[in-house]
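Listed below are the residues making up each chain.
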Amino acid sequence: MADVKQVNLTIEGRPVTVPDGTSILEAAKTAGVLIPHYCYHPGLPVAGVCRMCLVEVEKAPKLAPSCATAVAEGQVVHVHSPKALEARKGVLEMLLINHPLDCPICDQAGECELQDYTYQEGRSEGRYRDPKRFNPVEDFGGDVVYVANRCILCTRCVRFMDDVAHDPVLAVAERGDRALIAKFEGHDLTHAWAGNVIDLCPVGALLSKDSLNKARAWELDRSASVCPNCSQGCNMIVETRDNQVVRLRPRPNEKVNKFFMCDHGRLSYRWMNRKDRVDVPLVRQGGVLASADWEVALRAAAATLSGKKAFVLASPNLSNETLFLLGKLARKTGGGGAFRVPQGAEVPLPGVEDLALRPDRAANGRGAELMGFTRSDAPLDGLGAGDVLVVADEELAELDAAGVAKAGAVIVIGTTLPAWARHAANVVLPIANCTEEEGTFTNLRGRVQRFLQAKAAPGAARPSYFVLGDLLAASGEGSGFWTAGQTFDALAAEVPAFAGLNYDGLGLRGAMTQGALATGGATA
Amino acid sequence: MGFPHPPHDRESVVLSKYFGDKEAIGLEGWRKRGGYVALQKALGMTPAEIVGVVKESGLRGRGGAGFPTGVKWSFMKPGDGKPHYLCCNADESEPGTFKDREIMRWTPHALVEGCAIGAYAIGAEVAYVYIRGEYTEALDRMNAACKEAYAAGILGTNAMGTGKTVHVYVHKGAGAYICGEETALMNSLEGRRGNPRIKPPFPAVAGLFGQPTTINNVETLVAVPHILNNGADWYKKFGRADNPKSTGTKLFSVCGNIQRPGNYEVAMGFPFKDFLYDLCGGPLPGRQFKAIIPGGISVPIQTREEAENSPMDYEGFVANGTMLGSGGVIVIDDAQNLVKQIARAARFFAHESCAQCTQCREGTAWTTKILERIVAGEGSTEDLDTLLEIGEQMTGKTICVLSDSCATPVKSGIEKFRGDFEALIKKKKVHMVPAQVA
Chain Y
1 MADVKQVNLT IEGRPVTVPD GTSILEAAKT AGVLIPHYCY HPGLPVAGVC
51 RMCLVEVEKA PKLAPSCATA VAEGQVVHVH SPKALEARKG VLEMLLINHP
101 LDCPICDQAG ECELQDYTYQ EGRSEGRYRD PKRFNPVEDF GGDVVYVANR
151 CILCTRCVRF MDDVAHDPVL AVAERGDRAL IAKFEGHDLT HAWAGNVIDL
201 CPVGALLSKD SLNKARAWEL DRSASVCPNC SQGCNMIVET RDNQVVRLRP
251 RPNEKVNKFF MCDHGRLSYR WMNRKDRVDV PLVRQGGVLA SADWEVALRA
301 AAATLSGKKA FVLASPNLSN ETLFLLGKLA RKTGGGGAFR VPQGAEVPLP
351 GVEDLALRPD RAANGRGAEL MGFTRSDAPL DGLGAGDVLV VADEELAELD
401 AAGVAKAGAV IVIGTTLPAW ARHAANVVLP IANCTEEEGT FTNLRGRVQR
451 FLQAKAAPGA ARPSYFVLGD LLAASGEGSG FWTAGQTFDA LAAEVPAFAG
501 LNYDGLGLRG AMTQGALATG GATA
Chain C
1 MGFPHPPHDR ESVVLSKYFG DKEAIGLEGW RKRGGYVALQ KALGMTPAEI
51 VGVVKESGLR GRGGAGFPTG VKWSFMKPGD GKPHYLCCNA DESEPGTFKD
101 REIMRWTPHA LVEGCAIGAY AIGAEVAYVY IRGEYTEALD RMNAACKEAY
151 AAGILGTNAM GTGKTVHVYV HKGAGAYICG EETALMNSLE GRRGNPRIKP
201 PFPAVAGLFG QPTTINNVET LVAVPHILNN GADWYKKFGR ADNPKSTGTK
251 LFSVCGNIQR PGNYEVAMGF PFKDFLYDLC GGPLPGRQFK AIIPGGISVP
301 IQTREEAENS PMDYEGFVAN GTMLGSGGVI VIDDAQNLVK QIARAARFFA
351 HESCAQCTQC REGTAWTTKI LERIVAGEGS TEDLDTLLEI GEQMTGKTIC
401 VLSDSCATPV KSGIEKFRGD FEALIKKKKV HMVPAQVA
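Quick note, the sequences are listed as chains Y and C, same order.
The first sequence begins at 1 in the working numbering and counts up by one.
The second sequence begins at 1 in the working numbering and counts up by one.
Don't read these hints as lab results, they were simulated from the structure.
Hints may contain errors.
[Claimed, not checked] BS3-like cross-link-like pairs, simulated, lysine-lysine; straight-line CA separation at most 25 Å:
no.	chain 1	residue 1	chain 2	residue 2
1	Y	Lys-62	Y	Lys-89
2	Y	Lys-29	C	Lys-369
3	Y	Lys-29	Y	Lys-255
4	C	Lys-199	Y	Lys-89
5	Y	Lys-5	C	Lys-164
6	C	Lys-164	C	Lys-199
7	Y	Lys-62	C	Lys-199
8	C	Lys-32	C	Lys-17
9	C	Lys-369	Y	Lys-89
10	C	Lys-199	C	Lys-32
11	C	Lys-17	C	Lys-236
12	C	Lys-164	C	Lys-77
13	Y	Lys-132	C	Lys-369
14	C	Lys-369	C	Lys-427
15	Y	Lys-59	C	Lys-77
16	Y	Lys-455	Y	Lys-214
17	C	Lys-236	C	Lys-82
18	C	Lys-164	C	Lys-82
19	C	Lys-199	Y	Lys-132
20	C	Lys-199	C	Lys-77
21	Y	Lys-83	C	Lys-199
22	C	Lys-55	C	Lys-236
23	Y	Lys-29	Y	Lys-5
24	C	Lys-340	C	Lys-199
25	C	Lys-22	C	Lys-32
26	C	Lys-340	C	Lys-416
Looking at chain Y on its own, in the form it has when it is part of the complex:
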């Protein structure tokens, strides 16, 4: 990129230097100036139709649409000049004349760009006195419902389906103020990535049926996270209301998922709210599992492990940190570990390179491999007779749980207590799930990405790295794993693929691991 010509210009009095061909709108972003816009989206082709991003360019005869106007040397751009402001005010008024102004019952309220910009620079009162256009609400199929009356015809959804999903089922129908978004006859919005049109819609016209009327935008707490539902590692935001996950939305990351997230990932959040959680440590006493405090349970677990080989059956949805400590535990006792990954079909998003819903329907298979775990469809095969089986958040669903019987003892470190474990477990240590703790995942391309805590763990459940740190300490292995950061830094010092990385340096965009897999962008 070094040979691209750099262009110097002034935006709102600030000097800006950007590569030739950059739009004024993008150039303004680099100077910290957000030019209001609707139809423009960095992940879609430019349409230039909303006319909201009009700015005044000195010496130009007319206002310029900043999304569709390339920067030029020496240009002087005024975003907030009276002329530009007047034009945007006009656009806002026009966008609202047929708009139902039903913000109090609209799901988008609070995160609506029409609302935001109207408050920011719109007229306080409209002058429209005639009847408003009316169109009925339409079910677009999939997870999407279309409220035509709120639509501002920015065509982001149409362009997404055409140019990114390559499934052109949406179009603008009719002309003039009768225009509305329509699906082609006989087609529904059932593409596996179609849910993105809901995020792309700047107003409350395209809504998710799944989250319809669940929460007001301002009631939600938001945490940066990474989608655990496949190995792509799409960056996402977990939105919770009253300690319940109610919505997952993509968080932009140029290197992984651009601006998008698939419907499978977006809608697979109910397991994060499971009510059948084990929320207190349990120790088998006199044949029954009885609740115990952490001290007792950890001591019991350490005693169970003492002098035995530990075989770890790990979930690929555990963090790098937890898997690292589990691996440490197994190695310390001379044992091993295995994991299995639920499989599904690969569904790519054709318009974005190397972005797909991956067959591995778990976040951290790659991380488990790097921590020395063996991928296997029959993970219990590695269990030696008389070994201590440590089951880390793996329910053994669809596996023959009878294999567990080989074990001399069973320690369950998990979020739930499956039926087989009620009979087999000697000690149960309750842990947080990935929305209740922080940590890192390694995606299929070897990118290490942090996820943050979004809600509280139930009862006495503790973060998984913390529980394992305690268990290692109780087993005489020393300690120092009190935070995910400490654990990650210890991991980076020990596991070659993570050499040179540190927890704080990962930021919220992640970093690549070392080695053969460090070829992000290559298609599998």
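Got chain Y sorted already, so can you dock chain C onto it with the hints?
Just chain C, lined up with the frame of chain Y:
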């Protein structure tokens, strides 16, 4: 001649010479009238020479914008390794304009010849004629003319025996006003929804099928053979001596409240007063002209005084508060409700807006609703201010000029005929008030 009326001796009949002459429609008859001589000549010249002659002639686009044709052609860079295209804009949909229709009805070969020369001049081997969907007769005649021209070896891979390739294809539009906008026309030709495209890139860089394209109006292309046959100097003689910027003859379609509506061809700069009163016969008995729209419904409305002072050329109309536009003269007399006429015009634009740009999609409809409310006696004086402000918002802010075109008659109407609006507002409809029951 003021077709369909008998010719008037003050007209400068060049393009419309054979209007009404059935023999001119076919190839044989057209050849007898000097057809395809210019094409033969053109194919013996270099494209640059043709562009030079057209530039010299001062021919400007007859579709409305008045851009110098030779300059437009010179934007096409020969030998850039890309296919070039010529589009002939025959989507004549500007209300009040019907000159291209008569050209295609009576002299289809003139357009085929014009297209062929234009295509050759810009380095294109293919010209598309995009004909308005409602023009079925023009379409049939153009198709027949092309067929004849191919059969006679005028078009094809060995055009006129010169070994050069010139194809002319006729395409029928589906009846959208917006498809007369050059980039919407290209989208429509490509099989897409007729939405205007953002410029840049301009058609000369990336037009039809993403390739360099020139788009010209029917009347523009039809003038080219005459320029090649008679020379640029001959063409330049048509026009006002004091205004060299507008040359040649221009067809005007006249409609509305006037004695002799029809198509008239006059030299640029012809006095509009003489045109209206002499050529077209003046107002209907007992009436007076009130407002004139000289260039299709998109241009500002003129008062009678402004019209009577106008020389009929690009600069003459601009100096008198309007534009030459497409040459569709709409005459409104004092017996008409002018506001109703303007409301009807706005309704047309609201119907035809492609719905891309906010100001146009919403503004055209809003304008219409307010105007119709005023016509119905439900208006208020604030409405006029609102209309002017909406009009301001709709001007110069959108991808194409449809929005500006809707605002123009409204703004000029309120500015020049405010009294008409106010009279309607004052004559408020009286609503029945239910009697109080004691």
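Exercise. Assess, step by step, whether the Cα of Lys-369 (chain C) is no farther than 25 Å from the Cα of Lys-89 (chain Y), and give holds or violated.
Key: Holds, at roughly 21 Å.
Quiz item: Between Lys-29 (chain Y) and Lys-369 (chain C), is the straight-line Cα distance small enough, at 25 Å or below?
Solution: violated, 39 Å
Practice problem: With a cut-off of 25 Å on the C-alpha distance, tell me whether Lys-164 (chain C) and Lys-82 (chain C) pass. | Solution: Distance ~17 Å between Lys-164 (chain C) and Lys-82 (chain C) Cα, so the pair holds.
Quiz item: Taking 25 Å as the top limit, are the C-alpha atoms of Lys-132 (chain Y) and Lys-369 (chain C) close enough?
Solution: Within the cut-off at roughly 10 Å; holds.
Practice problem: Measure nothing beyond the straight line between the CA atoms of Lys-369 (chain C) and Lys-427 (chain C); if it is 25 Å or shorter, mark the hint as holding. | Solution: Status holds; Cα separation ~18 Å.
Quiz item: Keeping to a limit of 25 Å between CA atoms, is the pair of Lys-5 (chain Y) and Lys-164 (chain C) held or broken?
Solution: Distance of about 42 Å is beyond 25 Å: violated.
Quiz item: Are the Cα atoms of Lys-55 (chain C) and Lys-236 (chain C) separated by 25 Å or less?
Solution: Roughly 11 Å separates the two Cα atoms, so the pair holds.
Practice problem: For the pair we were handed, Lys-22 (chain C) and Lys-32 (chain C), check the Cα-Cα distance against 25 Å. | Solution: holds, 13 Å
Quiz item: Is Lys-32 (chain C) close enough to Lys-17 (chain C), meaning Cα to Cα at most 25 Å?
Solution: holds, 14 Å
Quiz item: When you check the alpha-carbon spacing of Lys-29 (chain Y) and Lys-255 (chain Y), does it fall within 25 Å?
Solution: Cα-Cα ~19 Å, so holds.
Quiz item: Taking 25 Å as the top limit, are the C-alpha atoms of Lys-83 (chain Y) and Lys-199 (chain C) close enough?
Solution: Answer holds: Lys-83 (chain Y) to Lys-199 (chain C) is near 22 Å, not above 25 Å.
Self-check item: Restraint status (C-alpha distance of Lys-199 (chain C) to Lys-89 (chain Y) at most 25 Å)
Solution: holds, 24 Å
Checked against the numbered hints above, the structure violates hints 2, 5, 6, 10, 15, 17, 19 and 24; every other hint is satisfied.
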